[in-house]
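**Q** Spelled out from the first residue to the last, the chains are:
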Amino acid sequence: MAERTVSHLKKGEKGIIKSFSDKVMSLKLLEMGCLPGSEVRLDFIAPFGDPICINVGGNYSLSLRLNEASVIILE
Amino acid sequence: MKSENIKIALVGNPNAGKSTLFNALTGLRQKTGNFPGVTVEKKSGTFSLKGTQGEKSREVTLVDLPGTYSIYPKSKDETVVMDILANPKHPDFPAAIIVVADASNLMRNLLLFTEINDLGIPAVLALNMLDVASSMNLTVNAVQLAMQLNVPVVRINARTGEGMANLQDAVRQVIDQTDKHPLPCFYETTHAERGLIEEVKHEHGLDNDYLALQYVCQHDNFSFVPVAQRVKLDGLIEKHQFDENAFLANETIQRYKKIKPIVEKAVKAEGISEQPYWTRKLDAILLHPFWGYVTFLLVLMVVFQAIFAWASYPMDMIDAGTAATIEWVKGVLPEGILNDLITDGILAGIGGIIIFIPQIAILFGLVSILEESGYMARVMVIMDKLMRKFGLNGRSVVPLISGVACAVPAIMTTRSISSRYERLLTIMVTPLMSCSARLPIFAILIALVVPDEKVLGFFNLQGLVLLGLYLLGLVGALLSAWLLSLFLERKEPGYFMLEMPSYKLPRWGHVGFTMLESVKSFVFQAGKVIMAISIILWVLASYGPGDKMENAEAQVTEQMKAQPQEEIDAAVASVRLENSYAGSFGRFIEPAIKPLGYDWKMGIALLASFAAREVFVGTMATIYSISGDSEDVLTVKERLLQEKNPDTGGPMYTPAVCYSLLVFYVFAMMCMSTIAVVYRETHGWKWPMIQLAYLTVLAYVSALAVYQLMS
Chain G
17 MAERTVSHLK KGEKGIIKSF SDKVMSLKLL EMGCLPGSEV RLDFIAPFGD
67 PICINVGGNY SLSLRLNEAS VIILE
Chain A
532 MKSENIKIAL VGNPNAGKST LFNALTGLRQ KTGNFPGVTV EKKSGTFSLK
582 GTQGEKSREV TLVDLPGTYS IYPKSKDETV VMDILANPKH PDFPAAIIVV
632 ADASNLMRNL LLFTEINDLG IPAVLALNML DVASSMNLTV NAVQLAMQLN
682 VPVVRINART GEGMANLQDA VRQVIDQTDK HPLPCFYETT HAERGLIEEV
732 KHEHGLDNDY LALQYVCQHD NFSFVPVAQR VKLDGLIEKH QFDENAFLAN
782 ETIQRYKKIK PIVEKAVKAE GISEQPYWTR KLDAILLHPF WGYVTFLLVL
832 MVVFQAIFAW ASYPMDMIDA GTAATIEWVK GVLPEGILND LITDGILAGI
882 GGIIIFIPQI AILFGLVSIL EESGYMARVM VIMDKLMRKF GLNGRSVVPL
932 ISGVACAVPA IMTTRSISSR YERLLTIMVT PLMSCSARLP IFAILIALVV
982 PDEKVLGFFN LQGLVLLGLY LLGLVGALLS AWLLSLFLER KEPGYFMLEM
1032 PSYKLPRWGH VGFTMLESVK SFVFQAGKVI MAISIILWVL ASYGPGDKME
1082 NAEAQVTEQM KAQPQEEIDA AVASVRLENS YAGSFGRFIE PAIKPLGYDW
1132 KMGIALLASF AAREVFVGTM ATIYSISGDS EDVLTVKERL LQEKNPDTGG
1182 PMYTPAVCYS LLVFYVFAMM CMSTIAVVYR ETHGWKWPMI QLAYLTVLAY
1232 VSALAVYQLM S
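Residue numbers (my numbering), protein chains in the order written: chain G, 17 to 91; chain A, 532 to 1242.
This is chain G alone, in the form it adopts within the complex (with noise of 0.2 Å):
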């Protein structure tokens, strides 16, 4: 079975993020806070779809596309 990862979260849902599974986006997504054991919770998605806000640890509000979102594994 797929893992879960932040694209497939319902709005309002919340998941504990565990790894990447991209080298290259990790590195950023690490660098704009978002860390392994963080608790992140779906605020928005935007029309169409995409992107979508997630909150990370309740302390600030990050959008990203879906692709991107795709490559956050939660526990």
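Please note that the accuracy of each hint is not assured.
Derived BS3-like pairs: lysine-lysine, alpha-carbon spacing no greater than 30 Å straight-line [said to hold, decoys possible]:
#, chain 1, residue 1, chain 2, residue 2
1, A, K573, A, K605
2, G, K39, G, K27
3, G, K26, G, K39
4, A, K1035, A, K791
5, A, K538, A, K620
6, A, K799, G, K34
7, G, K34, A, K796
8, A, K605, G, K30
9, A, K791, G, K30
10, A, K788, G, K34
11, A, K791, G, K39
12, A, K916, G, K27
13, G, K39, A, K788
The hints are simulated quantities; they were obtained by calculation from the structure and are not laboratory data.
As the structure is a prediction and not an experimental result, all values here were calculated from the model.
Chain G is already provided as a structure; the job is to place chain A on it using the hints.
**A** Just chain A now, kept in the frame of chain G:
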């Protein structure tokens, strides 16, 4: 020894309040320019650092570096940060760095701080946004942080100016430190990296391990490292089998491991931390699939209402004022060449410049409010999917919207788009957004053919036509991007990833400052061009090859002997212009523009506006005031209304001609500065030339179609 010119650099995450702090420290003593060697906009300013008792205060220069999440650049403008910090010989290399951190998200903000710390440059940590942190139920202990990080930590509020004295004390303390033994590094190099580090340190005369690693990872971005040495570094990487990606991931994870306990000790959370209430409420509307677009459209409409309807009052006053001044000067000065040069050349030119001021000020003010409030980031989100369909990026919205003010700064803002492909496409189509220089052309032509009526009791019909022209430009930009994307090969995937700042009230002082700066740079930079062209044009229109002008004048006077003096004067003026250098030029290109419905007089204005579009109206003013009756001074609009078509006898400016001109100016790439900035940003003539060619063809064909269909 205290050096004469102390440089301090300001670094920090985007949205951490870096530029607010910059403004708080330097006030109005700032200037914008470029970093040497690169075309990244540089903001620097000075402030005086007060000395302790008995000491004199010192002037220090504060350099604002682009906002970044780490020292590893993700977009073009971020490369400048390390280009300076890794090069002690750089003129902007700082004696100390102020790292601005958003206290409400300390963990992430400290990542950049630890990287800077490891470079060995003395640093001060400025804790900003403590009010946001406390509204999120977070309390930050600055003393605890300072103890653990081994650097001065200062609590500030950049918006209110709180803590500036303490920050200055801390800065003075670190630059006056006599024993500059390096602080312990957060990143501990691994055994496997040692050999490579030692070789790089030896090769480049470095004494900092982490800096040596930066030479390894980032040398392609270092403008100060010659190509031969870059090749050598690549050889060393090969020799030691250094895996850059593995190193980067490992480094960042190691840093966070060290930061985590520090943050846990210094930050106490009580209750649930959550984004500010208003930000969540507003996002629910502004990011809504339906209401999000409705609000965006409303915002755009207000912007256009402002630059067309509201700006028209001061503009009418300026227009009338210019006409009155010219009339007054004409009467005061003795008649002759000097009088003509001053009134028809110089004053008409100045009038053409200052008339733009209200619109430019309003436009830049509104764009700055949208950016400051945090709304622009939301617009990028709701537009990203749409933009991607055309090969662009949600971030392209900012250049496209700024393009409505001026394409030159707009093209410079494309540097925040990390994908080269999406950036190039954005650059190629940004000039299609109707810039403020086209506004006066639109304004005058619309005023000629569109009645000044209200639609639905609120919207001004002229304003709606103007909105239509802007939309035409937008549609043209999107379609061109899509067409270009078919021919351009995409090498890497585009990124979007964008932090959503919380909503803030704009800092009005800063908005005012932006307006002032934009007007100033317009008047002094664009103004110079317009002025020079006005004078050249006056000369070209007042003198002709050989005695052609005199002969023609004599002929007309001879033919019209019986007519009243006024009519002879008008005919003479007209025939003189026709036989001047400018007239001959216009005549020469007339066959090419005749199918579009233009005559040789418009041809002159068209050619002159190749330097800058805003020259068009000024040129028209000059041409028609030369050919017109010099006794009474009319506004440009009145002159155009009076102009007769010699073939039909009807008015020259028919709706067909006006709409054809309007469409021509929507599409045409008539701006030297834009060509120059595209050349600079794409490093070559290839793209600006392709751009010039496709836009000229597009403009000509569309104008031709409009004229032929309407007449």
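**Q** Confirm or reject each hint.
**A** Each hint tested on the structure:
1. A:K573 - A:K605: Within the cut-off at roughly 18 Å; holds.
2. G:K39 - G:K27: holds, 27 Å
3. G:K26 - G:K39: Distance of about 25 Å is within 30 Å: holds.
4. A:K1035 - A:K791: holds, 29 Å
5. A:K538 - A:K620: Distance ~13 Å between A:K538 and A:K620 Cα, so the pair holds.
6. A:K799 - G:K34: holds, 25 Å
7. G:K34 - A:K796: holds, 24 Å
8. A:K605 - G:K30: Distance ~28 Å between A:K605 and G:K30 Cα, so the pair holds.
9. A:K791 - G:K30: Given pair A:K791, G:K30 holds - Cα atoms ~22 Å apart, limit 30 Å.
10. A:K788 - G:K34: holds, 16 Å
11. A:K791 - G:K39: holds, 22 Å
12. A:K916 - G:K27: holds, 18 Å
13. G:K39 - A:K788: OK: G:K39 and A:K788 at ~19 Å, within 30 Å.
When the structure is compared with the earlier hints, no violation turns up for any of them.
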